[in-house]
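*Asks:* In case you want the letters, here they are:
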Amino acid sequence: MGSLIMDPTGQTTRAEAEMRLARRPESLRGRTVGLLDNGKQNAGRFVDELGKVLAERYSIGGVVLRKKPVATVDAPAELLDDLHDSVELVVIAVGDCGSCSAAAVADGIALERLGTPTAVVCTESFKATADAMAVVRGASGYRYATVEHPMAGLPADEVRARAEGVADEVVSLLVDAAVRRGAA
Amino acid sequence: MGEAAPALDLDPEAAQAAIEHCYDQGWSDGLPLVPATRELVDRFLAETDRPPDEVIGRMDHLGRACTVELAAVNAAMAGCLPEYFPVVLAAWEAVMRDRAAKGGGWQSTSGPAPMIVVNGTVREELGFNSTGGAFGPGFRPNATVPRAIGLIVRNAFGIRPHEFDQATQGLPGRFSICFGENEEESPWEPLSVEMGLPEGQSAVSATLLRTCEFVDNRHTVDPDQVLFDFADTIVRTGSLIFRDQSCFVVFGPEHAQLLANAGYSKTDVKDWFIDHCVRREADLRRAGKDAVGEGGLGGRGPSDGERVSPDTLTSIIPTRAQIPITVTGARNAAMSLVCRVFGTWSNTSCPIERRR
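Quick mapping for you: the protein sequence lines, in order, are chains A and B.
Just so we're on the same page, the working numbering is the position in the first sequence counted from 1, plus 6.
Just so we're on the same page, the working numbering is the position in the second sequence counted from 1, plus 186.
Honestly, the hints are just simulated from the structure, not real lab data.
No residue lacks a Cβ here, since even glycine has one placed at the ideal position from N, Cα and C.
Possibly wrong hints are sitting among the right ones.
Unchecked claim - Lysine-lysine pairs mimicking DSS-like chemistry, simulated, CA-CA at most 30 Å apart:
1) A/K133 / B/K456
2) A/K73 / B/K475
3) A/K133 / B/K475
4) B/K288 / B/K456
5) A/K58 / A/K133
6) B/K288 / A/K73
7) A/K73 / A/K58
Said to hold, decoys possible - Non-contacting residues of chain B with respect to chain A, defined by C-beta distances greater than 12 Å in every case (computed):
8) G216
9) D235
10) L267
11) R283
12) G289
13) F321
14) R326
15) R404
16) L426
17) Q443
18) R472
19) S495
Go ahead and model the full structure; you've got the sequences and the hints to work with.
*Replies:* Rendered as structure tokens:
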């Protein structure tokens with residue numbers, strides 16, 4: 007009587023780690039922005055367009071383009087270190103699949119921990135998995151920007167429209183002091 | 187096999203409460219779980235020489251790992267008997283050799299399904315069905331071994347639907363596809379032997395599937411016509427997204443014997459498919475999939491239509507390693523399955539290591 011039923015997860019309850027975001031600048035003016043293309047279809051075009059919009063609206067100093075070798079898993083540490091060393095802010099796009107949305111959030115959190123303010127862009131279909139990854143990485147409530155799904159297969163003008171539509175949200179993630187406490 | 191208790195001594199209400207407890211914890215795949223106790227799990231662990239704390243799979247990006255003991259808990263909950271556990275461990279290893287299973291495959295929108303093929307004497311010893319209705323239902327090892335794999339993914343890796351599992355629809359039969367090869371009625375060497383394991387060695391081969399489709403051809407005994415019917419199924423554009431893919435051909439015994447009687451070895455069949463499983467660029471373009479020939483989704487720009495001729499041929503499965511062949515089912519009708527692999531399969535079989 008009263009045998010314990012074994013837990014198949016192997017998990018013990020963990021204290022929630024507090025996520026401290028990197029220190030944000032007051033504005034993007036003159037700043038160099040790293041654009042991390044995760045390799046998904048239209049991601050390169052999207053970050054390119056977003057860079058242009060940021061230059062037009064926010065007078066950023068310039069962009070540095072980088073591409074993830076594999077979208078579905080975390081970016082290699084060297085790539086994130088390189089971004090941390092060479093730019094002041096980073097945008098990662100686009101989380102538009104089951105694994106790459108989670109991986110984009112993981113990369114964003116990793117860059118924050120290195121000290122580089124980062125905005126991740128996912129399509130709205132993948133909020134659940136993006137949020138779940140934030141919890142796994144000790145950053146419950148981590149905020150990211152969302153664009154309408156899908157991104158793959160869109161013609162160039164609609165990719166541009168997605169970039170225009172999300173640019174202000176991306177900027178608010180990069181400069182707004184209110185995001186520094188993560189879930190705030 | 188455990189001793190059956192007289193039904194009057196059982197406590198169905200306690201069993202129901204324990205089952206509901208497992209649901210409440212979020213451990214279930216939707217069907218009732220067997221509540222696993224320490225004593226039951228120890229009986230699983232007694233079936234293997236591997237230490238309980240040995241790590242047999244990692245999802246570092248999710249901060250999760252699976253040990254032999256966690257696998258045993260999930261196998262017990264899936265309804266396996268303790269003696270199935272070495273098969274579960276071999277199946278797990280075989281699945282995890284698949285590149286996609288180590289990457290983002292379990293989280294994929296494709297919702298791929300593991301397919302597990304069992305070879306050797308273990309089929310008869312444990313009661314794996316390898317004849318009529320091999321894809322199920324009705325046979326405990328066939329049903330519970332793949333379910334154990336699914337529970338390990340759910341519980342040990344923490345990949346659950348609507349969270350890290352982002353399957354758009356998922357493949358029908360996901361976590362229930364496991365069959366014995368019908369070695370007795372196959373005219374060819376068993377899959378495990380083809381993969382280099384000794385004759386008679388019990389073994390598991392596995393991969394992640396993208397889709398399955400019937401080839402029901404009872405219409406002809408001409409081997410070229412039969413093979414054409416397979417090729418037409420293999421080259422469909424619907425599930426085609428990458429240049430490099432594999433395709434399992436799961437022959438029913440009748441098709442396999444028809445081909446063997448016409449003089450085809452397994453290698454001959456593979457070579458026939460390599461030659462005939464091709465698509466014209468114009469056909470791929472018609473489906474908007476002309477980019478697959480150059481590495482998958484999004485490989486090309488707008489000028490490509492002029493650069494690549496409509497008559498260019500793209501090989502769908504260009505090498506023998508990409509066309510694994512196995513035989514299962516009853517010899518009662520000329521039916522087979524074409525099982526498209528999610529990515530590329532490992533082209534290996536894992537020996538089943540039962541306790542010495």
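*Asks:* For each hint, tell me whether it holds in the structure or not.
*Replies:* Taking the hints in turn, this is what the structure says about them:
A C-alpha spacing of about 43 Å is found between A/K133 and B/K456, which places the hinted pair above 30 Å, so the restraint is violated. A distance of roughly 24 Å separates the Cα atoms of A/K73 and B/K475; the hinted pair therefore holds under the 30 Å criterion. Between the alpha carbons of A/K133 and B/K475 the distance comes to roughly 28 Å, so the proposed pair stays at or under 30 Å and holds. Of the supplied pair hints, the one linking B/K288 and B/K456 holds, its CA atoms being roughly 27 Å apart against a limit of 30 Å.
For a cut-off of 30 Å, the pair hint linking A/K58 to A/K133 stands: about 26 Å separates their Cα positions. As the CA atoms of B/K288 and A/K73 are separated by approximately 21 Å, the hinted pair is consistent with the 30 Å bound. Of the supplied pair hints, the one linking A/K73 and A/K58 holds, its CA atoms being roughly 17 Å apart against a limit of 30 Å. With a minimum CB-CB distance of about 15 Å to chain A, B/G216 clears the 12 Å threshold, and the non-interface call stands.
The Cβ of B/D235 sits about 21 Å from the closest Cβ of chain A, beyond the 12 Å cut-off, so the non-interface label holds. For B/L267, the shortest C-beta to C-beta distance to chain A comes to about 17 Å, beyond the 12 Å cut-off, and the non-interface label holds. Annotated as non-interface, B/R283 keeps its C-beta farther than 12 Å from every C-beta of chain A; the closest such distance is 17 Å. Non-interface status of B/G289 relative to chain A is broken: a Cβ of that chain comes within 12 Å, the nearest being about 5 Å off.
Every C-beta of chain A lies more than 12 Å from that of B/F321, the closest at about 26 Å, which supports listing it as non-interface. Every C-beta of chain A lies more than 12 Å from that of B/R326, the closest at about 19 Å, which supports listing it as non-interface. At roughly 40 Å, the least C-beta separation between B/R404 and chain A is larger than 12 Å, which holds for a residue marked as non-interface. At roughly 15 Å, the least C-beta separation between B/L426 and chain A is larger than 12 Å, which holds for a residue marked as non-interface.
Its beta-carbon lying about 41 Å from the closest one in chain A, B/Q443 satisfies the requirement of being farther than 12 Å from that chain. For B/R472, the non-interface assignment is confirmed: its Cβ lies about 16 Å from the closest Cβ of chain A, beyond the 12 Å cut-off. Against the 12 Å criterion, B/S495 stays outside the reach of chain A, whose nearest CB is about 24 Å from its own CB.
Consistency note: the structure conflicts with the earlier hints numbered 1, 12.
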